[in-house]
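*Asks:* Line by line, the protein sequences are chains E and F. Each step along the first sequence adds one to the number in numbering that gives the first Met the number 0, with nothing skipped, and position 380 is 379. Each step along the second sequence adds one to the number in numbering that gives the first Met the number 0, with nothing skipped, and position 106 is 105.
Derived by calculation from the structure, the hints in this document are not laboratory data. Bear in mind that the values here come from a model prediction, so they are computed numbers and not experimental data. Careful: at least some of the hints might be erroneous.
For identical chains, the list gives no copy identity; a pair is met inside one copy or between any two copies.
Stated by the list, open to error - Okay, derived cross-link-like pairs now, SDA-like style, lysine to any residue, Cα gap no bigger than 20 Å in a straight line:
no., residue 1, residue 2
1, Lys38, Phe426
2, Lys289, Arg168
3, Lys249, Glu188
4, Lys289, Val375
5, Lys92, Leu79
6, Lys392, Leu461
7, Lys249, Pro359
8, Lys28, Arg196
9, Lys249, Ala136
10, Lys392, Met315
11, Lys289, Cys414
12, Lys427, Leu64
13, Lys28, Leu64
14, Lys392, Thr319
15, Lys289, Ala246
16, Lys392, Glu321
There are 2 protein chains.
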Amino acid sequence: MNEPAETTENLEVEQPDSWEQLEQIVAAKDSEAARSYLKELPPGEDARIMAQLTETEQQEFIALLNDEDAAHLMESLPELQAGQLLSALPPEKAALIFDEMHSDEQVDLLDQLTEAQSEAIIEQMDPEEAENVRFLAQYDSQSAGGLMITELLSFEESQTVDDVVTELRQNAEEYATYNVQYIYVINAEEQLVGVLRLRDLLMAPPGRRLNKMMIANPTSVPDSTSLQDLQHFFDSHHLFGLPVIDADQKLVGVVRREDVEQAGEEQAGRTFLRFAGIMGGEELRSLPLKIRSARRLSWLSINIVLNIVAASIIAMYEETLETVIALAVFLPIVSDMSGCSGNQSIAVSTRELVLGVIRPRDWFHVFRKELGLGLVNGITLGILLGGVAYLWKGNPYLGLVIGGALGLNTLMAVCLGALIPLILKGFKLDPALASGPILTTLTDMCGFFLVLSFAQALLPWLT
Amino acid sequence: MNEPAETTENLEVEQPDSWEQLEQIVAAKDSEAARSYLKELPPGEDARIMAQLTETEQQEFIALLNDEDAAHLMESLPELQAGQLLSALPPEKAALIFDEMHSDEQVDLLDQLTEAQSEAIIEQMDPEEAENVRFLAQYDSQSAGGLMITELLSFEESQTVDDVVTELRQNAEEYATYNVQYIYVINAEEQLVGVLRLRDLLMAPPGRRLNKMMIANPTSVPDSTSLQDLQHFFDSHHLFGLPVIDADQKLVGVVRREDVEQAGEEQAGRTFLRFAGIMGGEELRSLPLKIRSARRLSWLSINIVLNIVAASIIAMYEETLETVIALAVFLPIVSDMSGCSGNQSIAVSTRELVLGVIRPRDWFHVFRKELGLGLVNGITLGILLGGVAYLWKGNPYLGLVIGGALGLNTLMAVCLGALIPLILKGFKLDPALASGPILTTLTDMCGFFLVLSFAQALLPWLT
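Same shape as in the complex, but just chain E (with noise of 0.2 Å):
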């Protein structure tokens, strides 16, 4: 139980691809097979499989099922897949699909299209369902008004529990998409002033008032509330879903734990992208090359400038490095390691940033908790690449020269690693895309500087 086993993949059991049998299917048009081929696919399969399938494949094999089997389809790829088919897709086609889904899943669909892919699908949408798409639309996708469904199960506080039952018998069908867990008491106002759990209704005599039995006064969140305070708030309650009321305490939504927990997952996806050089959201291979390369290059290019800023030290030193050109072996060396030692802090600050456990203001407990782990790295890296150019060359200046700059370069890195994204943070930067950039420019700079000046201190006995 103790090693999570995260490569659980199981080569051994998988089907032989059966993406041929799509093709066939395709060029076939046979509406029956391709429904009983997506029913058949392993979860997960899904996505993978219209990966590999051309642009054109992919809108033929959708034009073959029905609407909500599409949706369903639709709903289960990452959504940057699921935009680009959609955007591929005649608007009236992709109404109907959007007919299907839930609120949440649409808006955050419509984030993938243009401004006029998203109106001109939404105006051929079922005006009730487009009109609540465009309400939904207003909000920052990562609040809880982005969030929330609306598809929620509210009752004037004057009715009865027999109203309930009623409502809910007639309207089976539709309600059983819902996913309902609690039902929502309104005033006249469509304010919220109450909440009932599905099992209290089952326990009590039909003719009671819902307000003579509701909880009274629920928690709920106003629309604005960012994603980090929801996963809060789940984290320490144990409820499934919490109401989402606007600024006249009007009941507008539903925001449920199992879609905070997504946004969060796909946050921690994104940031880990970021962290590693990739801008503009999510990137898939199934993306075009432009798109792709360019976005790559964006933050290439803003590299590359850093990267000539701090080698430039380098140039400054010509004469030294010339005198002693064992040094340009251990350049890339001290730089690289301090980039690393950097990153491992810089990695453990975002982290903690996420799991709220630190803030902007507590650098001062970072500063010091990362002081000793500084010196600690520092000390035993240097010794280590300071003995190792020792016995290359046979001369102990040397290995002082190299293992002092990696010990004090180290030493730095850590404690700026550790830092550069509370600095960013606090001034609402982006932690996971600068920190990596920032810190390896000065890491490289001040890391070039120490072996160099050092060198040109103590040239006298390294020659």
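Keeping the supplied structure of chain E fixed, place chain F upon it in accordance with the hints.
*Replies:* Frame of chain E, contents of chain F only:
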């Protein structure tokens, strides 16, 4: 709505630090104050406040709380932090707190302790709960068995709606913490035969037998199902919980959507940390320095060896380097930029593996996609850096050497970065941890070799 505002933390509305107030409460041993203090903390603040207290203060604070509040607090802390706190408590106290937690949380926390510590706590627990924990602890924490809860409602198929409602009413208090959505129907051998939604009970005549109204042969998963398969399942099914069966088809638990989402989020966090070279799981700064330092050094010491191996290429070309000392300025730039390009590819492949869009055997599809991108980015970056080299020294051949080396090395880094995670995953190794060091060693070596061998070939025109 388009730009997710992920830095939503609002510095203005924050209260002044309240942990000094907490220190006073702890010093005064004021139980009542401790309780109301905890209640009034904004969501998420508890983790941060606890992280700032010394270990002794944390224990004194926990001692002031009743078991239920203490359990509640521990559940809202990051697992690592809660585990540390727990390991410092006397086993009797820890066991009392444990009895207030859900079964899956108990097991997650025991995972953080040594064998001896967790055995000491289990021995002090309520015997029934202890047996349950021992049963759950046998499972891999990232499988359906490790993620499931055992608090579920199951009834025999011959029972009636009235039996269920009576049972629910009689044990309303116990079930209040269960978050019930489904009722599971089993046969005399405890095998799962059907499922009922709570709302179905609302609409049924009291005397009806469960097997006359249940959904027969419900979807269930074996207890060994992997987290990844569970994620795919919940992606494509609108269910809240999924019954888990053992090898004898017996119903052993329920894995809930929220637990799967949360496990996915935690896994994404750990992947992020491993990617930056933090081994051994979560690192919080509240861990002892010795452990933090040793974990980071274990990864850094592998890296320093790899760095020395790569830099030894430079040592082989000392003469060339002495002749054209300007090359020493560009060596770190070429190796660093290629590392950045390769890391972008690693991140995209790792992410696509997590999303299930690619699998190891799709390597050729990935390679083809990345080849084009490597060419475009290689040529662009080569021209950029080659241009800088040419302008700096006024020597077009220097530009050719540097630009050509960076271009080729970028192409190689992009392709290798895309494939390495697939290869590692194919061999059931961890792509996040090992991809980076393998890539940078290869790109460093290759980058140094390309710059210096090109320079040697063009040496007459470079001096």
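*Asks:* Are the hints correct? Go through all of them and say.
*Replies:* Against the structure, the hints come out as follows:
1. For the identical chains of this complex, Lys38 and Phe426 are neighbours neither inside a copy (49 Å) nor across copies (30 Å), given an alpha-carbon limit of 20 Å.
2. Taking the shortest alpha-carbon separations for Lys289 and Arg168, neither the intra-copy value of 54 Å nor the inter-copy value of 63 Å comes in at or below 20 Å.
3. When the C-alpha separation of Lys249 and Glu188 is checked against a cutoff of 20 Å, the pair qualifies only within one copy, where the shortest distance is 7 Å, while the shortest distance between copies is 50 Å.
4. In this assembly of identical chains, Lys289 and Val375 lie within 20 Å of each other by CA distance solely across copies; the values are 9 Å between and 46 Å within a copy.
5. In this assembly of identical chains, Lys92 and Leu79 lie within 20 Å of each other by CA distance solely inside one copy; the values are 19 Å within and 49 Å between copies.
6. Proximity of Lys392 to Leu461 under the C-alpha cut-off of 20 Å is restricted to the intra-copy arrangement: shortest distance 10 Å within a copy versus 28 Å between copies.
7. In this assembly of identical chains, the alpha carbons of Lys249 and Pro359 never lie at most 20 Å apart, being 35 Å within a copy and 50 Å across copies at closest.
8. Taking the shortest Cα distances, Lys28 and Arg196 never come within 20 Å of each other, neither inside one copy (47 Å) nor across copies (38 Å).
9. For the identical chains of this complex, Lys249 and Ala136 are intra-copy neighbours only, at 18 Å inside a copy versus 46 Å across copies, given an alpha-carbon limit of 20 Å.
10. Taking the closest pair of Cα atoms, Lys392 and Met315 come within 20 Å of each other only across two copies (14 Å); inside a single copy the shortest separation is 24 Å, beyond that limit.
11. Taking the shortest Cα distances, Lys289 and Cys414 sit within 20 Å of each other only across copies (17 Å), while inside one copy they are farther apart (39 Å).
12. In this assembly of identical chains, the alpha carbons of Lys427 and Leu64 never lie at most 20 Å apart, being 45 Å within a copy and 36 Å across copies at closest.
13. In this assembly of identical chains, the alpha carbons of Lys28 and Leu64 lie at most 20 Å apart only when taken from the same copy (10 Å versus 67 Å across copies).
14. Taking the closest pair of Cα atoms, Lys392 and Thr319 come within 20 Å of each other both inside a single copy (17 Å) and across two copies (19 Å).
15. When the C-alpha separation of Lys289 and Ala246 is checked against a cutoff of 20 Å, the pair qualifies neither within a copy, at 43 Å, nor between copies, at 51 Å.
16. With identical chains, the CA atoms of Lys392 and Glu321 are at most 20 Å apart both within one copy (16 Å) and between copies (17 Å).
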